[in-house]
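K.L.:
Each chain is listed here by its residues.
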Amino acid sequence: MPTTERSLSKSTMPSAAVMPVAVQRKRRFWTIRGRLSRKEYLVLAALGMVLPFVGWWWLASSGLMDKVFMPSPLDVITRIHRWFMEDNLMGDASISIYRVTAGFILSAMFALPLGLMIGTYRPVQAMLEPLLDFIRYMPAVAFIPLVMIWVGIDEGSKIAIIFIGTFFQMVLMVAEDVRRVPLAQIEAAQTMGARRGEIVSLVILQSAKPALLDTLRITMGWAWTYLVVAELVAANSGLGYAILKAQRFLQTDKIFAGIILIGLIGLVTDQLFRLVHRKSFPWLYRK
Amino acid sequence: MPTTERSLSKSTMPSAAVMPVAVQRKRRFWTIRGRLSRKEYLVLAALGMVLPFVGWWWLASSGLMDKVFMPSPLDVITRIHRWFMEDNLMGDASISIYRVTAGFILSAMFALPLGLMIGTYRPVQAMLEPLLDFIRYMPAVAFIPLVMIWVGIDEGSKIAIIFIGTFFQMVLMVAEDVRRVPLAQIEAAQTMGARRGEIVSLVILQSAKPALLDTLRITMGWAWTYLVVAELVAANSGLGYAILKAQRFLQTDKIFAGIILIGLIGLVTDQLFRLVHRKSFPWLYRK
Amino acid sequence: MQTKIQIEAAGKIYTDGKHNVEALRAVNLDIAANEFVTLVGASGCGKSTLLRCIGGLEELSLGEIRVDGRPVSGPGVNRAMVFQHYSLYPWLTVMENIKFSRRLKVHREGITSSDVETASGRADALLSLMGLNHAALAYPDQLSGGMQQRVAIARALLPKPDILLLDEPFGALDAQTREVMHDLILHIFNLEKTTNVFVTHDVEEAIYLGQRVVLMAPRPGRIDTIYEVPLPAERDQDMKLSPEFIRLKKEILQRIRETSGMRTDKDMLDRLTRQTEPG
Amino acid sequence: MQTKIQIEAAGKIYTDGKHNVEALRAVNLDIAANEFVTLVGASGCGKSTLLRCIGGLEELSLGEIRVDGRPVSGPGVNRAMVFQHYSLYPWLTVMENIKFSRRLKVHREGITSSDVETASGRADALLSLMGLNHAALAYPDQLSGGMQQRVAIARALLPKPDILLLDEPFGALDAQTREVMHDLILHIFNLEKTTNVFVTHDVEEAIYLGQRVVLMAPRPGRIDTIYEVPLPAERDQDMKLSPEFIRLKKEILQRIRETSGMRTDKDMLDRLTRQTEPG
Amino acid sequence: EIKVGLSDWPGWVAWYVAEQQGYFKKYGADVKLVWFANYTDSISALSAGQLDANSQTWSDTLAPLAKGIPLKVVLVNDNSAGNDALMVGPNIKRFADLKGKTIALEEFSVSHFLLVTALHKNGMSLKDVKVVNLAAGDAAAAFLSGRVDAAVVWNPWVNKIQISGKGHALFTSKEIPGLIPDLLVAQEKSLVAHRKDFIGMIKAWYDTEKFIREQPGVAAKIMAKVVSMPPEEYRVFLSGTKFFDQNGNLQAFGPASDPTSLLGVAPTIAKFLLENKLMEGKVDYAKGLDGSLVKEVARR
Ligand SMILES: Nc1ncnc2c1ncn2[C@@H]1O[C@H](COP(=O)(O)OP(=O)(O)OP(=O)(O)O)[C@@H](O)[C@H]1O
Ligand SMILES: Nc1ncnc2c1ncn2[C@@H]1O[C@H](COP(=O)(O)OP(=O)(O)OP(=O)(O)O)[C@@H](O)[C@H]1O
Ligand SMILES: [Mg+2]
Ligand SMILES: [Mg+2]
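Protein chains in written order, with my numbering: chain F, 1 to 287; chain G, 288 to 574; chain X, 575 to 853; chain P, 854 to 1132; chain U, 1133 to 1432.
Bear in mind the hints are in silico, worked out from the structure with no lab data behind them. Just so you know, not all the hints are guaranteed correct.
[What the hints assert, rightly or not] Computed footprint of chain G on chain P; a stretch qualifies when at least three of its residues, placed anywhere within it, have a C-beta under 8 Å from a C-beta of chain G: (1) 949-956; (2) 991-998; (3) 1032-1041.
For clarity, every value in this text was computed on a predicted model and none was experimentally measured. Cβ atoms here follow ideal geometry from the backbone N, Cα and C, with glycine treated the same way.
Please take these sequences and the hints and turn them into a complete structure.
P.N.:
Structure representation (structure tokens):
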């Protein structure tokens, strides 16, 4: 019998005024759906990020692999530093961010209204969904020459590739989000005399917003994965371009640097999206 | 007052035995969340598939665009026919299907258990999810030289690229599916004395299965979009390879043919997955 | 008394291509202005369907429903509905939820500035009538279930509907909160002079609230019996213990058991009674 | 009578890092073997928390719960639980759901073939006890809510638990089905000689089923009053109309209103009463 | 303004020398250089009319010509003279040793063509080896990591492999003079519209050639910067590239009887393309050439 605890609680019982701090019993770490404190979470997340780097560092310094094929983290950091100092890293990063963002925004501009229509009106869904399901399997890379022919070789072409890579999946996800709006919310508006347009703009769109923002966050990741493909087309700057160039000369350290930079930018965007989500839709986070 | 209907129903009231066939009132097509009969759905879906082809055919035959840049549907069909007769279309298709399927299965083999762990145990989630969120932004194309160096140039390399393109997104989706298993189902098993392993295999996995199959269906689409990239690496057959070769010599009809074939294969796989879903999880489809 | 809602030979068939479900067959019912009618009946007997048809959210397959003599052909601002679940907008505050209908075009047409003021005053009045003054700026998720349903009722009442259609509005509330809501809804009914149609599973609730209790039976959904409630117009909680109340409750429950298609549940009870009696 | 469950100075604090919620404070309760205890109280008073702590699904922050003298440190096969929702496995047939526990290692250890037969016979017996013979091969989604809960109870009973913990098991059922379930659960209680702890919102249900009704109060969650139910061990539906029953129901409801933190709802009622009385 | 595509080949990277030395301005040519990370895409871009001119090889120009796309060769930048090479591992000494070995190369590029020719000259054919299709950079990587026995690549990779000590050249483009001409190819309609700019470009090219000849160090520095390589390494490539001056160009646009002229080598290349089903139909080679600009510049 845990006597300390009993005496603790017993002593408070009569007065019932001050509550002693909860005594933490044995906490099983390996529990299904167990809970973690914020601190534990952060420590583990940091560990999860750092451990692979340590493994990499060990592998690179073990001499098991040729330096050309497996640069060490230090090489990569040096490379990033040199890239920053000599080779206009900021320029490359900004143009890539611009391209991805532009392609992404363009895609969202079409996907949101279209997905809204598909999710709202069954005939639109019937007409477009199978077609989109058909197109979503098509590899964006295959469209490069077509894009060049139809769009040209300027910035437009890079944006178009990112658009193609993102758009079709995005529409389908938006439609799904819209379909998940509770029917009761729509019907409540109908009984108050809302017209079609009002229901769409005042209810469906508002109600789907949190899900839509999440969809945008996820598709943003896809947009980034198309960066290298997009910068195949007549680019002479950008992170993807730098990776491609490094590939030609087997500068593995630069390939690593480019990939990691893209991952970092992605991670930051992801967290920004999550932050906006938390701030914009507080009712989803209140218990 | 709609007298016919009233008289109809009135006449049945006394006997209350035979019910007249429901008279369809005006059906508004453009209704929010309206219902469609199966037939209407199929007709609209077919229309949705055919109309773009008609538009394409019209555009190609209008002479507005050069034939080299915009082949007509007929050209493409002729090309597919010739590809089939002379250029071993079946061989290309089968090797591509093999590569995509192998990469996909490999990805699923790792993603399912890992996602299961992430979705089940919070510490695993804390450790791996941020890392995966970081990696999922990285462009698969950038990994080509690394894959070649580490995996080689045989079939393995193509499969590896498809794996890289699919795996990370898949893990995150699987984890989400697993997290959606109702806690009550897990707790019910716990109160019956189930151990950790039993809960995972007898409850969580079973309960998540329908969602997992859907996730597999969706990620299968992504696997296909990486085909062309995969067949950049030391391939001399396959649909993606054929598209790349056609790109080099500006055989737009063959590019179209390749893209459409991939779309068709995708559409068939998608429908197969849906069929399996309906057959395996009938309780989700019963009203 | 003036007839407000006329339901004539109403029939409704749901079909999914293969199977037909006859949710309503030959339903006839007249509801007077400022009457409080409650609908009870076993699960699946078409209570919600009938209510939704009056509300214009579903179309009848046969027959007709008229409100003020005009056939129903869709939702209308004269008929407000309150549902059991999820119908509040979580992204709006309590006050914004209540005023939601004022953002709709149909309520903005041809209104004068004094109308606006009246409406604004009405929102405040409803808020305090519902005892929600302190919660005007809260979001729905911050409220208890009972408070949420009060907001939903206030929202429905804002555009001064003639008819209030309620589908198990208190189904998710606990017994205590429910009693409070009963008195509240009766109070509003007397104040606003609406015509109420109220669907519930709870026979006690149906008798306590209704002037008439309409008992429906399933397969096909139809009206089985209509009971006049032998209680004075002004209700209070003690009446629930009166002999008339208890007698009517027993009678209705008995009839529901008889009409319900839930053979198994009924058989079950019979079996248990048989088992326990001799044992 | 032998004490089955001892709850001693039990305290439970939920924390999310910033906020602490004291769900239970200094709860003391002894429950005898083969006793039927019901827990009532306003929403959020810790009923579910207490039940889950007995079941071993949550850990106490303070104090101790002992079952048969041994401290609870996790779920155990001697304590079965039934929840309100979603706990049946939709991918298994009714029979497979009932037999689910037999697939677990803990129930397979050291059993002889005759044990297997007995267990198999028990599954059939439970199936017919619940009146579900015809539905053995159906899937949960094909059953009504009442039938689903009967399957859940049968499943919980299969491994012969000593203790049955039920958290609003009939909360989602309609009044008619609920009555059937009440008699069923009492019948099983007599048959299986389990010790039952039953959480509910419905005071009538609590009195009808319980030998003792434990009333809890919120903020912090604690035991307020314990009522002995002055009814004979064998219950039947007519007793609900008996004066003792009605008196106790009134008393408990009154006390819940007083202890509940739902100021607004209570004030509301007061206000309405005042308004209507002079009007 | 004319848009001119170019990709990573020393003879074309040299255009940046012209740009930085101000030769375009000097001759009134309004030129915008468009870099392509992927050479293949630059060919499509020209055919699609998105570029006014592109830097590409003769072999890659024949296929669009066969499709009837109006392209004109206006200038020969250089001939490969050692910059393309068949690189083999240390234990392959003779062509006979290649039998059954895997060779990485970019299919249907000049590398492919070089291998066919090399094998042919040594009494072998493609059937005797196993070809693995990889982009030039990837081919070099595959060779360096020991995944293939040989690779046909061009510089900078030839050099990279030599430095690594993992391989040497068994056959280089030096041995087949004239067969790998690197060109400036223009859209016919751009040529008509912007003839002045193209004339200026040609003049600028002659200055560039002279500059590279006289100050290879400085030139290498400019070019190396473009592809982010150390200048010392880049100097090696210059010697493997035979830059064409005015005389060289006049000769290249000469009659078919000269086996090193564009017309002279065309049938050999066409045969390779036809055999591999990469081109359909016949090409009138002469229609794809426009030597008038080179001659016009020479006349003055
Ligand atoms: N959208 C629909 N499509 C097909 N059938 C439906 C639909 N809505 C209801 N039904 C069927 O119509 C019948 C009546 O349903 P309804 O919801 O009106 O019953 P109810 O009396 O409200 O039941 P409950 O008490 O469970 O709410 C049921 O058999 C139901 O299955
Ligand atoms: N997992 C949890 N994390 C934090 N707080 C919790 C958690 N579960 C319950 N609580 C809080 O503990 C208190 C008691 O909750 P509990 O669910 O036990 O009440 P209850 O009596 O069952 O209420 P109800 O009648 O609504 O089911 C409440 O204030 C609740 O918000
Ligand atoms: Mg209903
Ligand atoms: Mg609870």
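K.L.:
Now look at each hint and say whether the structure bears it out.
P.N.:
Hint check:
1. 949-956: It holds, with 3 qualifying residues against the three required.
2. 991-998: holds (count 4)
3. 1032-1041: violated (count 0)
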